[in-house]
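Colleague: Given next are the chains, with one letter for each unit.
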Amino acid sequence: MSQPKLLINTLKLNLIIKRFALQLIEMHGDFSQTAIIGLQPRGISLAKKLCDYINELQPENALKYGELDHTFFRDDIGRGEIFMPKKSNINFSTENLNIILVDDVLYTGRSVRASIDALMSFGRPKQVELMVLVDRRFQRELPISPNYVGVVVDSRSTGEHVKVEWTEDQQQVWLLSKKE
Amino acid sequence: MTANAPIKHLLGIKGLSESHIQTIFETADNFKSLLNSPVKKTPALRDVTIANLFFENSTRTRVSFELAEKRLGADIINFSSSSSSVKKGETLIDTVNNILSMKVDMVVMRHPAPGACVFLSKHIDAQIVNAGDGTHEHPTQALLDAYSIREQYGDVAGKKVVIVGDILHSRVALSNIYCLQLLGAEVMVCGPATLIPKHIAALGVKVSHNLEEALNWCDVANMLRIQLERQDQRYFPSLKEYSRLYGLTMEKLQRLQKEICIMHPGPINRGVEISSDVADSDQSIILQQVENGVAVRMAVLFLLGQQRL
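Chains as they are written, first to last, in this note's numbering: chain A, 700 to 879; chain B, 936 to 1244.
If we strip away everything but chain A, and leave its shape as in the complex, we get (with noise of 0.2 Å):
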């Protein structure tokens, strides 16, 4: 593929967060019981974003927002790529909640499966969920699968990979091969 091709633009991406506002509400009623938790370090501004939707649709709610780095529980420490630790910020106390996990892209389920283990050092919840922007369907190295999903790429290329432009005005989502 040489062209990149445009996954998600600005009024793609806000539709698709309504629905996945709209999606939780259905699923989780006031959120008495449920934590959006954002993955660091890209997950963390979809996460917001959709926490300011769901206020805006349901301003009475006991929604509680975290914000999650999986870097001491990566599978790959010490193999060559060296990686900072972001901040983890959970300010409550996870036992017996719901947890949904934001990130934007889902790819071989490595972080996401790092990310659950770094979640479980703060207690044991109830239930988590996985909410995705794009998920890369056919590239998982894990068996790990996303409850909400934005887009979905089934592209088998391991040469591709997907770039989120994330500025307050403007959201795009490309996909693109790895020169580029």
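The hints are simulated quantities; they were obtained by calculation from the structure and are not laboratory data. The structure displayed is predicted, hence computed values, not measured ones. For each residue, glycine too, the CB sits at the ideal point set by N, CA and C. Be aware that one or more of the hints could be misleading.
[Unchecked claim] Have a look at the derived ranges for each label pair, beta carbon to beta carbon:
id, chain 1, residue 1, chain 2, residue 2, range
1, B, Ser1017, A, Arg836, 58 to 66 Å
2, A, Arg855, B, Asn1032, 48 to 56 Å
3, A, Asn788, B, Gly1093, 53 to 61 Å
4, B, Lys1133, A, Lys747, 52 to 60 Å
5, B, Asp1060, A, Gln869, 35 to 43 Å
6, B, Ala1137, A, Pro740, 38 to 46 Å
7, A, Gln869, B, Lys1141, 48 to 56 Å
8, A, Asn790, B, Asn1013, 44 to 52 Å
9, A, Lys747, B, Asp1090, 21 to 29 Å
Based on these hints, arrange chain B on the given structure of chain A.
Modeller: The following block gives chain B in isolation, referenced to the frame of chain A:
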């Protein structure tokens, strides 16, 4: 230690840059929050084996390193010279190479000879962390001291730190001077003239022989222990006299017009360099230093452990 300037060993603060230290601090912040969460462990170094080689007595540093290694999921072996073949005349390189042949990846070493870690790093094929080499350096202590000051004041830059006591025999003092200066703090050393190295001002530190003057100047006072085990001659007439002139008491603290922060690298000789009421006061952050020690050492081991390949 970062991707830009990888460092294989931590031999001393000399050799680190400010950005290395900031990277260690930021990583330690993450470990500190992990240590305060219900499950205090990560498997980050699960495939790493670390040997703790202590050729000199230690309680705090050894326990702190051991705990840091266990919290990171590493396999560890402990070695102390008193119960080993060192007593039978084995050389340092032979001892360490024998241990390394059992597939050890990292060595944390304390040794009475200054420069022992640098020497070892040139002859063996493992990562080395200096846990104190004679009167030379004790980098992780300096890092945790600076980290504790940062935690207390938000930043180390611009702070005035006085190191009081046996500067001549102290590896903590030298590492602290390097570390604090790299981070932009002003440093003063204070003690009897016999316990302050002759040309220490060349390192850019102020020198004082008057404790009250030093306390009036500083924001932080780091009180050092008199290292009688390293002293081969008498450097002052009596411990009682030393304590009267350089011991930090509540009375001296109360005479100050401000609150300062009191630190001590341990072990404390209560009633000599610091009185019990000062050591246990609200101004003392001695136990926070010990707590931060584990997080800082986890950060050092984690950052070094990423560069094994």
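Colleague: Indicate, hint by hint, whether the structure satisfies it.
Modeller: These are the hints, each one checked on the structure:
In this structure the hint that serine 1017(B) and arginine 836(A) lie 58 to 66 Å apart at CB holds, the actual value being about 60 Å. A beta carbon spacing of about 49 Å between arginine 855(A) and asparagine 1032(B) agrees with the range 48 to 56 Å that was offered as a hint. Judged by the Cβ atoms, the range 53 to 61 Å given for asparagine 788(A) and glycine 1093(B) is violated: they are separated by roughly 28 Å. Between lysine 1133(B) and lysine 747(A) the CB atoms are about 59 Å apart, so this pair conforms to the stated range of 52 to 60 Å.
A hinted range of 35 to 43 Å for the beta carbons of aspartate 1060(B) and glutamine 869(A) is inconsistent with their spacing of about 51 Å. At about 44 Å, the beta-carbon gap between alanine 1137(B) and proline 740(A) stays in the expected band of 38 to 46 Å. Between glutamine 869(A) and lysine 1141(B) the CB atoms are about 54 Å apart, so this pair conforms to the stated range of 48 to 56 Å. Evaluation of the 44 to 52 Å hint for asparagine 790(A) and asparagine 1013(B) yields a failure: the beta carbon distance comes to about 37 Å.
In this structure the hint that lysine 747(A) and aspartate 1090(B) lie 21 to 29 Å apart at CB holds, the actual value being about 28 Å.
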